Amino acid sequence: MRYLPQTPDSRAMMLKAIGVGSIDELFDDVPARVLNAPIEGLPDHMSEMAVERHFRKLAADNLSPSTAPCFIGGGAYHHHIPATVDHLIQRSEFLTSYTPYQPEIAQGTLQYLFEFQTQVALLTGMEVANASMYDGATACGEAVLMAHRVNKRRRTVLSGGLHPHYRDATLNLTRFTDFETVALEAAPGAEEDLAGAIDDDTAAVVVQNPDVYGQLRDLGPLAEACRAKGALLIVAVAEVVSLGAVTPPGDMGADIVVAEGQSLGVPLSFGGPHVGLFACRRKFVRQMPGRLAGETVDVDGRRSYVLTLNAREQHIRREKATSNICTNSGLCALAFCIHATLLGESGMTALADLNHRTAAAAAEALSAIDGVGLKTDVFFNEFTLELPKPAGPVVEALAEKGVLGGIPGSRLWPGDESRARLLIVAATETVTEEDIASFRDALKEALA
Amino acid sequence: MTEAKQTISGARGLDRDEPLIFEQDARGRSGVDLPEGPKAASRLGGLKRKGPIGLPGLSEPQVVRHFVRLSRMNYAIDYGFYPLGSCTMKHNPRLNEKVARLGGLGDLHPMQPVSTVQGGLRLMHELAHWLTTLTGMPAVALSPGAGAHGELCGLMAIRAAFDAKGESRSRVLVPESAHGTNPATAAMCGYAVDAIPADESGRVDMKAFEEKLGDDVAGVMLTNPNTCGLFETDIVEIAEKIHAVGGYFYCDGANFNAIVGKVRPGDLGIDAMHINLHKTFSTPHGGGGPGSGPVVFSEALAPYAPLPMVVEKDGAFELVEHDGGQRVGRMKGFHGQFGMFVRALAYMMSHGRDGLKQVAEDAVLNANYVLAGLKDVLPPAYAGHCMHEALFSDKGLNGSGVDTMGLAKALIDEGYHPMTVYFPLVVHGAMLIEPTETENRGTLDEFIRVMRGLVEKAKAGETEMFEQAPVLTPRRRLDETRAARNPVLRWQPEEAAAEAAD
Chain A
1 MRYLPQTPDS RAMMLKAIGV GSIDELFDDV PARVLNAPIE GLPDHMSEMA
51 VERHFRKLAA DNLSPSTAPC FIGGGAYHHH IPATVDHLIQ RSEFLTSYTP
101 YQPEIAQGTL QYLFEFQTQV ALLTGMEVAN ASMYDGATAC GEAVLMAHRV
151 NKRRRTVLSG GLHPHYRDAT LNLTRFTDFE TVALEAAPGA EEDLAGAIDD
201 DTAAVVVQNP DVYGQLRDLG PLAEACRAKG ALLIVAVAEV VSLGAVTPPG
251 DMGADIVVAE GQSLGVPLSF GGPHVGLFAC RRKFVRQMPG RLAGETVDVD
301 GRRSYVLTLN AREQHIRREK ATSNICTNSG LCALAFCIHA TLLGESGMTA
351 LADLNHRTAA AAAEALSAID GVGLKTDVFF NEFTLELPKP AGPVVEALAE
401 KGVLGGIPGS RLWPGDESRA RLLIVAATET VTEEDIASFR DALKEALA
Chain B
1 MTEAKQTISG ARGLDRDEPL IFEQDARGRS GVDLPEGPKA ASRLGGLKRK
51 GPIGLPGLSE PQVVRHFVRL SRMNYAIDYG FYPLGSCTMK HNPRLNEKVA
101 RLGGLGDLHP MQPVSTVQGG LRLMHELAHW LTTLTGMPAV ALSPGAGAHG
151 ELCGLMAIRA AFDAKGESRS RVLVPESAHG TNPATAAMCG YAVDAIPADE
201 SGRVDMKAFE EKLGDDVAGV MLTNPNTCGL FETDIVEIAE KIHAVGGYFY
251 CDGANFNAIV GKVRPGDLGI DAMHINLHKT FSTPHGGGGP GSGPVVFSEA
301 LAPYAPLPMV VEKDGAFELV EHDGGQRVGR MKGFHGQFGM FVRALAYMMS
351 HGRDGLKQVA EDAVLNANYV LAGLKDVLPP AYAGHCMHEA LFSDKGLNGS
401 GVDTMGLAKA LIDEGYHPMT VYFPLVVHGA MLIEPTETEN RGTLDEFIRV
451 MRGLVEKAKA GETEMFEQAP VLTPRRRLDE TRAARNPVLR WQPEEAAAEA
501 AD
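Chains A and B, in that order, give the protein sequences.
Just so you know, we're using UniProt numbering here: the first sequence kicks off at 1 and counts up by one.
Just so you know, we're using UniProt numbering here: the second sequence kicks off at 1 and counts up by one.
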């Protein structure tokens with residue numbers, strides 16, 4: 001038991017100092033009939049070597065996107081993470097530190113959160129950002145709750161292009177409020193009448209860009225329609241690298257922007273932990289959920305950082321708080337911040353451009369296959385194909401050939417026959433021209 | 001205190017101020033080289049970004065130095081003792097980090113075909129087995145992203161159960177001493193929060209609790225061991241009484257580390273409990289997260305547990321993501337904090353069933369040792385033994401002119417992260433100390449010596465050092481009022497900053 005420093009002697013000496021004869025005397029408030037209940041079916045402690053071996057075996061049972069051509073996106077993207085990122089986030093002073101409630105000895109964390117907030121605001125084109133949320137989907141739900149706090153209206157309209165997981169997490173987070181939520185249906189590339197769905201009781205419209213099919217939209221007209229009716233426009237961005245190439249939501253008139261930040265610095269990790277980004281217009285800042293780092297000075301007048309506007313939070317406001325959230329994704333926010341810093345202005349735009357060109361080349365190669373149609377005409381690094389047969393079994397056949405070939409419609413919309421032949425394909429900078437060729441050949445075979 | 005020597009650079013030896021990345025900018029510089037990639041025509045339509053983003057450009061060595069310098073301004077568990085009550089800052093084994101980064105675990109995509117992620121699903125299944133076995137509860141939802149998110153999941157299951165029965169209830173009972181997340185969570189599920197006071201022993205006042213019971217009560221949210229560091233002795237009776245009025249028993253499992261391997265919460269009559277994997281199972285705090293908050297459920301609430309869920313069928317693992325029914329909806333974008341699952345499971349296997357019992361025993365032993373070592377100079381808030389954390393009031397400082405915060409800040413100059421202060425709210429000037437099981441006796445003896453020395457200085461009237469503290473840190477006390485009154489939440493280019501100030 002290598003992590004436990006006490007010895008039988010030290011334990012005996014300490015029990016004596018406390019003035020008890022046995023450890024169970026310290027558990028004397030526990031009802032005797034439930035104390036030391038036998039725990040069946042679990043092994044005793046193992047050596048470091050044995051534990052590592054177990055995990056290596058589990059890892060070997062998976063097909064890893066680092067070793068296979070990977071074309072899966074859908075809200076989580078396989079990007080290259082520079083070695084520096086993981087090295088720096090593993091520094092003890094970041095990895096094993098606590099929430100920065102004692103700012104004098106947490107300036108490192110507070111300064112990077114301030115830098116992170118600035119990066120998020122710049123990328124999204126918004127005025128302020130918070131110090132991160134759990135992930136993009138939950139941030140989306142929190143944005144809807146926030147919109148209701150801002151304008152006290154009852155209705156929310158969700159675009160049909162919103163990722164179904166974002167939609168479900170949002171509906172779940174708001175299910176016990178008295179709000180009404182309208183979720184539209186949209187086929188890939190089809191126009192939906194979001195502006196027409198806004199009425200005088202609409203608190204917010206939620207739209208994803210690029211949407212779940214990969215389609216990009218000009219949200220300017222929708223923003224105007226929202227403004228005319230007093231509704232807020234919430235824009236969700238599932239692929240944050242897109243902001244290096246695409247007009248940011250802030251420039252198109254968004255009031256709140258939520259995003260998944262996993263693409264920068266954070267590994268896929270089978271879906272978590274990821275990092276939710278949350279940005280808004282400055283005038284709404286006191287209605288924002290989550291943590292905020294702010295600049296101030298210490299008693300010597302030196303520039304310093306501190307968690308601020310705490311009066312919104314659960315530890316002060318209890319049941320009247322803006323949300324029950326008590327943590328952020330601090331370490332993932334750090335990874336995002338380091339990766340974005342490494343990239344810088346020129347690296348970020350170059351990465352986005354490379355993603356886009358790779359995806360465009362993949363779309364061209366795949367849609368040239370007989371019977372395969374491209375359903376998204378304007379996209380960033382993800383697009384939707386329509387196959388001549390159901391995409392689920394095709395993806396399984398591709399996996400057998402060692403290609404991770406996108407997300408079948410049946411995975412996102414189970415039971416929906418109209419979308420069963422859709423295949424949503426993403427290509428990032430990790431995809432090579434050989435990978436595209438492998439995918440094309442495997443797909444041809446699978447469709448033959 | 002001697003004045004620090006003035007240097008030309010403004011640095012104090014290894015201590016130096018680090019400018020923001022935005023102040024180290026050279027446009028065109030980058031710390032990343034990218035491959036050429038294919039040539040292809042743009043498909044961005046009219047949506048191509050027009051203006052610059054405004055990100056600074058730094059080279060790789062600049063970036064490394066920047067973040068290493070920032071790191072030196074942080075306290076961390078790998079540096080020293082963190083007696084933070086209710087937060088459980090224990091050793092973070094590096095084996096956990098190593099296995100979480102194995103190719104084949106760290107980079108799995110959540111939407112891969114399930115045939116290609118059998119190892120990942122098996123891992124989730126194994127973690128679920130450990131959690132249900134240790135708690136004696138039949139079902140678990142792994143997906144909540146943090147402890148507070150787990151609370152929300154548990155309360156949603158309670159609300160979903162009433163909705164399924166067509167029953168509407170309005171109140172949730174929450175002790176005054178509870179974490180702020182408890183009342184915030186109950187409110188998010190549409191319940192009014194009714195506070196239960198503590199009795200003179202620091203536990204739920206049973207008389208007040210019984211008076212508040214009624215058929216409009218959806219449930220009780222109780223932390224056990226509670227935030228005063230005490231086991232709720234009447235917990236079985238509380239479970240029986242809430243069940244008798246048709247309500248459910250939610251347990252905040254933040255302090256499961258005090259009883260893991262010793263007591264199964266399922267034996268106490270609990271219906272739902274979240275487990276902060278970082279607290280009990282050592283996944284690192286990371287300066288504020290990520291956390292992970294799986295929730296275990298009783299038979300009564302299991303049908304309402306949210307998906308996804310991993311099931312084993314004929315030796316293969318399936319991921320159930322949809323089944324209709326009356327379950328709580330999706331809690332998070334994907335399957336939960338898988339990276340934390342890996343770390344927590346590695347910790348569980350390293351300790352095993354026998355070692356986890358030892359974890360609880362050593363955590364409780366260490367806390368009581370600190371209690372015994374300080375109780376003659378700092379009065380404990382309540383009589384008797386404590387569980388894994390010891391709670392003191394500021395009575396021992398009465399008349400000295402030194403308050404809890406002064407003592408906390410003086411500890412920083414002594415090389416310690418302060419204990420938890422002013423919480424729980426039910427104790428005046430509260431100081432909550434949690435050593436955890438990974439501290440040795442020598443560390444505790446030294447901490448006790450320092451604490452006693454500080455109390456002596458306070459009582460001797462040396463108040464100025466407490467008012468000034470900390471003085472040996474990268475920054476001294478901060479102007480938090482200024483930060484809140486005039487929030488500066490991002491860097492701005494100088495012209496823009498000047499305009500904003502106008």
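Hints are supplied without guarantee of correctness; some may be wrong.
[Unchecked claim] Here chain A is said to cover these stretches of chain B; the calculated rule only asks that three of the stretch's residues, wherever they fall, bring their Cβ under 8 Å from a Cβ of chain A:
1. 9-16
2. 210-219
3. 239-250
4. 445-454
[Unchecked claim] Derived pair list, reagent style DSS-like, types lysine-lysine, alpha-carbon separation capped at 27 Å:
5. K375(A) - K444(A)
6. K313(B) - K375(A)
7. K401(A) - K357(B)
8. K98(B) - K375(A)
9. K98(B) - K313(B)
10. K444(A) - K39(B)
11. K320(A) - K50(B)
12. K212(B) - K283(A)
13. K357(B) - K16(A)
14. K50(B) - K57(A)
15. K375(A) - K357(B)
Please keep in mind that the hints were generated in silico from the structure rather than gathered at the bench.
For clarity, every value in this text was computed on a predicted model and none was experimentally measured.
Cβ coordinates follow ideal geometry from the N, Cα and C atoms, glycine included.
Okay, the hints, checked on the actual structure:
1. 9-16: violated (count 0)
2. 210-219: violated (count 0)
3. 239-250: violated (count 0)
4. 445-454: With 0 residues close enough to chain A, the hint is violated.
5. K375(A) - K444(A): holds, 18 Å
6. K313(B) - K375(A): With Cα atoms ~37 Å apart, K313(B) and K375(A) exceed 27 Å; violated.
7. K401(A) - K357(B): Since the Cα atoms of K401(A) and K357(B) sit roughly 47 Å apart, the hinted pair is violated (cutoff 27 Å).
8. K98(B) - K375(A): violated, 42 Å
9. K98(B) - K313(B): violated, 30 Å
10. K444(A) - K39(B): holds, 23 Å
11. K320(A) - K50(B): violated, 42 Å
12. K212(B) - K283(A): Distance of about 41 Å is beyond 27 Å: violated.
13. K357(B) - K16(A): Holds - the C-alpha atoms of K16(A) and K357(B) are around 21 Å apart, at most 27 Å.
14. K50(B) - K57(A): This hinted pair is violated, its Cα atoms lying about 49 Å apart.
15. K375(A) - K357(B): Measuring from Cα to Cα gives roughly 57 Å; hence the hint is violated.
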